[in-house]
Amino acid sequence: GESVGLHLPTLSVQEGDNSIINCAYSNSASDYFIWYKQESGKGPQFIIDIRSNMDKRQGQRVTVLLNKTVKHLSLQIAATQPGDSAVYFCAEPNNAGNMLTFGGGTRLMVKP
Amino acid sequence: ETGVTQSPTHLIKTRGQQVTLRCSSQSGHNTVSWYQQALGQGPQFIFQYYREEENGRGNFPPRFSGLQFPNYSSELNVNALELDDSALYLCASSLPEGAYNEQFFGPGTRLTVL
Numbered sequence: 001g002e003s004v005g006l007h008l009p010t011l012s013v014q015e016g017d018n019s020i021i022n023c024a025y026s027n028s029a030s031d032y033f034i035w036y037k038q039e040s041g042k043g044p045q046f047i048i049d050i051r052s053n054m055d056k057r058q059g060q061r062v063t064v065l066l067n068k069t070v071k072h073l074s075l076q077i078a079a080t081q082p083g084d085s086a087v088y089f090c091a092e093p094n095n096a097g098n099m100l101t102f103g104g105g106t107r108l109m110v111k112p
Numbered sequence: 001e002t003g004v005t006q007s008p009t010h011l012i013k014t015r016g017q018q019v020t021l022r023c024s025s026q027s028g029h030n031t032v033s034w035y036q037q038a039l040g041q042g043p044q045f046i047f048q049y050y051r052e053e054e055n056g057r058g059n060f061p062p063r064f065s066g067l068q069f070p071n072y073s074s075e076l077n078v079n080a081l082e083l084d085d086s087a088l089y090l091c092a093s094s095l096p097e098g099a100y101n102e103q104f105f106g107p108g109t110r111l112t113v114l
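Chains A and B, in that order, give the protein sequences.
Residue 1 is where the first sequence starts when you use our numbering, and the numbers rise one by one after that.
Residue 1 is where the second sequence starts when you use our numbering, and the numbers rise one by one after that.
So here's chain B without its partners, still in its complex pose:
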């Protein structure tokens, strides 16, 4: 098990609502990345946060936003939920120094939009 934790584990929302997902990074890791994993597919990169600022973004609309706090924990916010937002949302923490560093994934939050 990695030291990355996510909450909640499951969530059900209705279309048009807003949701906030939370992630605590592994001890010592100052970088957090978020991924969306639709059923039966590989994870897709949403964005990464480093030193409380966005450090790269995938092909997701602005209604997907995030925050990183001084303790390196992070939130993913999704506004105006759509049915296609139903997915497993994964958080991964890492150290950014140098070239690519191993990303340690949490167990994910399963979001269902009805």
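Chain A with its partners taken away, still in its complex shape:
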């Protein structure tokens, strides 16, 4: 069945460095993935998404990479800022598109 998981529960980076958050999935038929950012006291906020017909997608300071061979995706944040401190989730909708399955989350801590 579908499952989405994360490798590391906590990532600590120096301000200005690049951050990489990883996520593994198990369903080889999965065709759409989403990264969410959740700040303390708030709900998850959409960051960027990627479809399985792409290997890479770039946004503003963020890049998502998808490796279908090993069923792995990553979120890269360039020049990490204190405002990037949050928990990051990868998520995947089901085929009906009415349900999101979230991974356990990675907490990103940015040191000044």
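Because the hints were derived from the structure by calculation, they are not lab data.
Ideal placement from N, C-alpha and C gives every residue a C-beta, glycine not left out.
Check before you lean on any hint, since a few could be wrong.
Some but not every residue of chain B turned toward chain A, in silico, with C-beta under 7 Å [to be verified]:
| # | residue |
| --- | --- |
| 1 | Phe-45 |
| 2 | Gly-56 |
| 3 | Leu-90 |
| 4 | Gly-106 |
| 5 | Pro-107 |
Using the hints provided, position chain B relative to the given structure of chain A.
Relative to chain A, chain B alone:
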């Protein structure tokens, strides 16, 4: 900030009680989904409402029920509360047309069951 609002922000109940949580969707969104997020975990899908009917349900017992109103707002009801029901309850609104559409999350209601 999304246009999704939830009330109350915090709630404390005792085991066995019943609770009702409320959600107002973003303007124009006719679909509401509810998620339970235990501390330190990712959100888990409870159910979705579309046109006032349940449109998909996750692995939650029947004591978790919901309603959607003609103005698209929604309620989540939980009966016979258990300690493990302590969590952040998130509401998300979206438009259902076509394939998956982005879900916009509210800030959540923090429920503590003692």
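How the hints compare with the structure:
1. Nearest Cβ of chain A to the Cβ of Phe-45 of chain B: about 4 Å, under the 7 Å cut. The hint holds.
2. For Gly-56 of chain B, the interface hint holds, since its Cβ comes within 7 Å of a Cβ in chain A; the closest pair sits about 4 Å apart.
3. Restraint check, Leu-90 of chain B versus chain A: the minimum CB separation of about 5 Å is within 7 Å; hint holds.
4. A least Cβ separation of about 5 Å between Gly-106 of chain B and chain A falls short of the 7 Å threshold, and the interface hint therefore holds.
5. Residue-level restraint check for Pro-107 of chain B holds (minimum Cβ-Cβ distance to chain A is 5 Å; threshold 7 Å).
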